[in-house]
Amino acid sequence: CRALCSLCKTATNQIKGGEEGIITRLFRAMRQHPSHPGVQEKACQAVERICGHSANCKVAAQVGVAAQISTVIGQHQSNADVLAAALRLICILAAEGDLRTKATTWGWTESVHL
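Under the numbering used here, the first residue of the sequence shown is numbered 412, with each subsequent residue one higher.
Each hint should be verified, as a subset may be incorrect.
As the list claims (entries may be wrong) - DSBU-like, lysine-lysine: derived pairs with alpha carbons at most 35 Å apart:
#1 K469 with K427
#2 K513 with K469
#3 K427 with K513
Claimed, not checked - Label-pair ranges, simulated between beta-carbon atoms:
#4 Q443 with S489: 18 to 24 Å
#5 G475 with K427: 17 to 23 Å
#6 G508 with Q443: 29 to 35 Å
#7 T423 with T515: 33 to 39 Å
#8 S489 with E431: 20 to 26 Å
These are calculated hints, taken from the structure and not from any lab test. Just so it is clear, CB atoms sit at the ideal spot from N, CA and C, and this is done for glycine as well.
Based on the sequences and whatever the hints tell you, model everything.
And the structure:
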């Protein structure tokens, strides 16, 4: 995840990240390690980087990352680093108009006031 954060600073790598299924793999890591704060924080950061290319925001929603964020926030309320990463990811995804309308469905409105 740390390597992805570094690599995905450029738009070309952000696009490749979305096309090559990396978001799906990050989502799997989040689901497989729900109680591990390091995995949750770094996965959120990596998805945030990849979603610097706006088309990948919809990919993140389709594979389930968007729906997972409120679960991450709920499980790691006392971890400031995880919360900060999850909230930054929400901000990136919520900038996409279609995704913002689904905020209630995903439980974001219960976690954060958008």
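*Honestly, which of those hints from before does the structure not fit?*
Hint check: 8 fails alone, others pass.
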